[in-house]
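**Q** Here is how the chains run, residue by residue.
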Amino acid sequence: MKQIHISINGTRYQVAEHSNLAAVLMTNAIANRRSVSGEPRMAVCGMGSCGECRVTINQQAHQLACLQQCSEGMEVQCEP
Amino acid sequence: MSSAIIVGGGIVGCAVALELAQAGVQVTLIERDCLGSGATAAGMGHIVVMDEGEAQLKLTLYGQQLWQTLTAAHPQRHEYHECGTLWVATDAEEWQLVAEKAAVYRQHLIPCEILDAAALYAHEPALRAGLVGGLLVPNDSVVYPPKSAVYLWQQAEKHAAKLVYGEVRSIQANAVQLSDGRQLHADAIVIANGQRCIELLPELPIRAKRGQLVITERYPNLIKHQLVELSYIKNAHASSGDSVAFNLQPRPNGQLLIGSSRQFDRTDRQIDQQLLSTMLRKAIDYVPALADVRCLRTWTGVRAASPDGLPLIGQHPEQAGLWLNVGHEGLGITTALSSARLLADQMLHRPAALDLQPYLPRGLQQEQR
Numbered sequence: 135m136k137q138i139h140i141s142i143n144g145t146r147y148q149v150a151e152h153s154n155l156a157a158v159l160m161t162n163a164i165a166n167r168r169s170v171s172g173e174p175r176m177a178v179c180g181m182g183s184c185g186e187c188r189v190t191i192n193q194q195a196h197q198l199a200c201l202q203q204c205s206e207g208m209e210v211q212c213e214p
Numbered sequence: 389m390s391s392a393i394i395v396g397g398g399i400v401g402c403a404v405a406l407e408l409a410q411a412g413v414q415v416t417l418i419e420r421d422c423l424g425s426g427a428t429a430a431g432m433g434h435i436v437v438m439d440e441g442e443a444q445l446k447l448t449l450y451g452q453q454l455w456q457t458l459t460a461a462h463p464q465r466h467e468y469h470e471c472g473t474l475w476v477a478t479d480a481e482e483w484q485l486v487a488e489k490a491a492v493y494r495q496h497l498i499p500c501e502i503l504d505a506a507a508l509y510a511h512e513p514a515l516r517a518g519l520v521g522g523l524l525v526p527n528d529s530v531v532y533p534p535k536s537a538v539y540l541w542q543q544a545e546k547h548a549a550k551l552v553y554g555e556v557r558s559i560q561a562n563a564v565q566l567s568d569g570r571q572l573h574a575d576a577i578v579i580a581n582g583q584r585c586i587e588l589l590p591e592l593p594i595r596a597k598r599g600q601l602v603i604t605e606r607y608p609n610l611i612k613h614q615l616v617e618l619s620y621i622k623n624a625h626a627s628s629g630d631s632v633a634f635n636l637q638p639r640p641n642g643q644l645l646i647g648s649s650r651q652f653d654r655t656d657r658q659i660d661q662q663l664l665s666t667m668l669r670k671a672i673d674y675v676p677a678l679a680d681v682r683c684l685r686t687w688t689g690v691r692a693a694s695p696d697g698l699p700l701i702g703q704h705p706e707q708a709g710l711w712l713n714v715g716h717e718g719l720g721i722t723t724a725l726s727s728a729r730l731l732a733d734q735m736l737h738r739p740a741a742l743d744l745q746p747y748l749p750r751g752l753q754q755e756q757r
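Chains as they are written, first to last, in my numbering: chain A, 135 to 214; chain B, 389 to 757.
These are computed hints drawn from the structure, not numbers from a lab.
Hints are not guaranteed to be accurate.
The following label-pair restraints were derived from C-beta to C-beta distances [as the list claims (entries may be wrong)]: (1) B:605 with A:163: 23 to 29 Å; (2) A:152 with B:605: 22 to 28 Å; (3) B:677 with A:205: 51 to 57 Å; (4) B:492 with A:145: 36 to 42 Å; (5) B:548 with A:182: 21 to 27 Å; (6) A:170 with B:441: 38 to 44 Å; (7) B:502 with A:170: 45 to 51 Å; (8) B:669 with A:193: 44 to 50 Å; (9) A:170 with B:658: 29 to 35 Å; (10) B:553 with A:184: 29 to 35 Å.
Virtual Cβ for every residue (Gly too), placed ideally from N, Cα, C.
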């Protein structure tokens with residue numbers, strides 16, 4: 135499997151190309167975002183419905199990590 | 389008059405319930421679904437002074453003042469947020485409207501500020517390039533109307549008002565008949581069920597004017613004021629056909645409400661995708677960053693439009709004991725409190741703060757024959 139590099143919160147990670155981003159975050163125990171009251175949030179439904187897994191990808195806010203495949207150079211910003 | 393039945397537990401019905409209950413009237417409010425679930429929940433909750441005629445300006449201004457009083461102690465209860473309205477001018481013709489609008493507001497001592505292009509972009513940098521200017525009306529605000537409706541009802545309940553769930557099938561003299569067979573009696577009946585009033589009183593000159601709205605994810609600080617196109621009134625008050633007008637609201641939590649659209653005589657809840665696209669394209673034209681926002685939900689609501697754009701507030705011209713507070717079109721949140729007060733003033737023979745004449749029920753179909 136081809137390995138690529140993405141950046142999560144400024145740190146470089148090596149992942150298999152086309153990995154699911156929500157799975158990568160989960161594997162690395164990184165919270166996707168914070169609720170209004172400051173609690174950590176991560177993917178729940180895994181199919182683009184619940185909106186819990188929102189992250190900023192390449193400066194674009196509110197992208198659903200569970201619907202994203204990792205690609206070379208992708209910059210992911212969470213609210214850790 | 390010692391008892392009253394109010395048909396419709398939207399923001400208008402709840403406001404009337406509080407006005408009457410506070411005055412010692414024994415109030416029964418009838419709601420079909422749940423409080424504040426109709427047009428009350430569907431609209432933007434914009435408390436806005438509108439200047440399409442003296443009567444509209446006075447009713448909306450009076451409404452705004454009553455909202456300020458209602459929300460003063462606990463603004464959070466209503467999600468009250470004084471974001472102001474910024475009317476945006478795209479060309480020389482609309483720039484002329486800015487001056488005219490400002491003159492009207494100033495004449496009524498309503499604070500407003502004319503913004504040239506530089507000032508406009510200083511206030512709202514997300515607006516597209518090439519605009520001419522705008523008019524900022526800082527006292528306009530937003531609320532979350534279903535919360536306010538419930539709050540008004542809870543206050544009415546403290547004055548012994550009663551809530552009955554049911555669907556009103558017909559109105560008789562001093563009584564209403566529910567679809568489950570129950571009959572309720574009172575000295576006065578108040579119709580406050582929005583566009584559905586014509587199901588009970590087909591003679592009323594009320595037409596459905598359906599709208600669609602979109603709500604987005606949270607994008608705090610993208611915009612700060614409710615942004616409305618200056619030709620809004622022109623676009624919003626065509627008397628036939630489908631139309632859209634740019635109207636963008638920042639919710640206090642950073643979400644954006646994107647409007648607006650109008651379709652006559654439609655009451656179904658099916659989204660018109662083509663009209664929605666037109667509406668969104670217009671919004672993106674004004675605020676290009678909207679092209680990248682994530683929309684969460686879209687829905688429809690039905691405004692109750694009267695021929696002259698003013699609500700009907702007062703006694704039914706042909707039926708003693710039957711009172712109306714309907715036809716608020718797109719301004720029902722702003723005018724809920726003022727219209728309720730003016731209706732109660734009439735029912736209780738109190739002096740009213742405004743000249744009632746322009747709002748008295750009129751234009752019934754029998755009268756026209």
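**Q** Does each hint fit the structure? Answer for all of them.
**A** Here is what the structure says about each hint:
no. : hint                         : verdict
1   : B:605 with A:163: 23 to 29 Å : holds (25 Å)
2   : A:152 with B:605: 22 to 28 Å : holds (26 Å)
3   : B:677 with A:205: 51 to 57 Å : violated (24 Å)
4   : B:492 with A:145: 36 to 42 Å : violated (58 Å)
5   : B:548 with A:182: 21 to 27 Å : violated (50 Å)
6   : A:170 with B:441: 38 to 44 Å : holds (42 Å)
7   : B:502 with A:170: 45 to 51 Å : violated (37 Å)
8   : B:669 with A:193: 44 to 50 Å : violated (24 Å)
9   : A:170 with B:658: 29 to 35 Å : holds (32 Å)
10  : B:553 with A:184: 29 to 35 Å : holds (32 Å)
Against the hints set out earlier in the document, violations occur for numbers 3, 4, 5, 7, 8.
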